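Line order of the protein sequences matches chains P and R. The numbering of the first sequence is this note's numbering, which starts it at 126 and goes up by one. The numbering of the second sequence is this note's numbering, which starts it at 150 and goes up by one.
The hints are simulated quantities; they were obtained by calculation from the structure and are not laboratory data. Fair warning: this is a prediction, and the values are worked out from it, not measured in the lab. Mixed in with the good hints there might be a few duds.
What the hints assert, rightly or not - In silico DSS-like pairs for lysine-lysine, Cα to Cα no more than 30 Å straight-line:
1) P:LYS155 / R:LYS256
2) R:LYS259 / P:LYS138
3) R:LYS217 / R:LYS256
4) P:LYS177 / R:LYS218
5) R:LYS198 / R:LYS217
6) R:LYS259 / R:LYS217
7) R:LYS256 / R:LYS207
8) P:LYS155 / P:LYS177
9) R:LYS207 / R:LYS217
10) R:LYS256 / P:LYS138
11) R:LYS256 / R:LYS218
12) P:LYS155 / R:LYS198
13) P:LYS155 / R:LYS207
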Amino acid sequence: DAGVTQSPTHLIKTRGQHVTLRCSPISGHKSVSWYQQVLGQGPQFIFQYYEKEERGRGNFPDRFSARQFPNYSSELNVNALLLGDSALYLCASSLGLKGFMGSPLHFGNGTRLTVT
Amino acid sequence: AQSVTQLGSHVSVSEGALVLLRCNYSSSVPPYLFWYVQYPNQGLQLLLKYTSAATLVKGINGFEAEFKKSETSFHLTKPSAHMSDAAEYFCAVAYSGAGSYQLTFGKGTKLSVIP
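For reference, chain P alone in the conformation it holds in the complex:
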């Protein structure tokens, strides 16, 4: 079975632009979460979606938004990009809402975003 797939793998944008990152979860997984990993740091939680509804949001500005589609894939959108948004954006999926009780989070390889 395919794992969590993310696209694109790398992206270069200019300050002020908008970006859309995409994620396809493992087949059968209904929950998708997004994490931001700045160089030299651990991943930081941005959003969790389950059954197409936002279930959790981390401490990120409103420039960050996401959605989940009927096929459980997800998009992360970032508006008005800042230099500080440069990071590896990781998508993770799990079977249910509280994956740690059973199926853990499965991470994709991420999208490397560089803002110049």
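Following the hints, put chain R in place on chain P, whose structure we already have.
Below, chain R alone, put in the same frame as chain P:
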């Protein structure tokens, strides 16, 4: 609020030596704890998890971790390091609230294995 502290941003060991990566947590409720490994240009792979069952947890690739409530620790060990263990390791604590759950990660420890 949950938090995780990983002591040592970089650890070097010789091939065949003991690996010890330290993690201390802070949690107001019984924690769910995890260790993940990240190889260059890849995502995170789960090594093991503690979910209030046995305090000694065995994971993949010969790694194990021991939950010590009195010390609020969850250190990761491996008896004999292999070159393929060189990677970055992250300790994380799960937080559940308001219908969601999320992981809070430490800053990571980069493990180098010297031949």
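Next on the checklist: Holds or violated: P:LYS155 and R:LYS198, Cα atoms, limit 30 Å.
Outcome noted: holds, 21 Å
Checklist entry - Does R:LYS217 lie within 30 Å of R:LYS207 when you go C-alpha to C-alpha? => result holds, 15 Å
Checklist entry - Has the given pair, R:LYS256 with P:LYS138, been kept, meaning a C-alpha gap of at most 30 Å? => result holds, 26 Å
Item to check | Distance restraint between R:LYS256 and R:LYS207, which requires alpha-carbon spacing of 30 Å or less | outcome: holds, 23 Å
Checklist entry - Quick one, are R:LYS198 and R:LYS217 close enough, alpha carbons at most 30 Å? => result holds, 14 Å
Checklist entry - Has the given pair, R:LYS259 with R:LYS217, been kept, meaning a C-alpha gap of at most 30 Å? => result holds, 23 Å
Next on the checklist: Hint check: R:LYS217 vs R:LYS256, CA-CA at most 30 Å. Holds or violated?
Outcome noted: Cα-Cα ~21 Å, so holds.
Next on the checklist: P:LYS155 and R:LYS207 were given as a pair; does the straight-line alpha-carbon distance stay at or below 30 Å?
Outcome noted: holds, 28 Å
Checklist entry - When you check the alpha-carbon spacing of R:LYS259 and P:LYS138, does it fall within 30 Å? => result holds, 29 Å
Next on the checklist: Hinted pair, alpha-carbon criterion (30 Å max): P:LYS155, P:LYS177. Please report holds or violated.
Outcome noted: This hinted pair holds, its Cα atoms lying about 8 Å apart.
Next on the checklist: Holds or violated: P:LYS155 and R:LYS256, Cα atoms, limit 30 Å.
Outcome noted: holds, 28 Å
Item to check | 30 Å limit on alpha-carbon distance, applied to hinted pair P:LYS177 and R:LYS218 | outcome: Given pair P:LYS177, R:LYS218 is violated - Cα atoms ~37 Å apart, limit 30 Å.
Figure legend: structure checked against the earlier numbered hints; the only hint not met is number 4.
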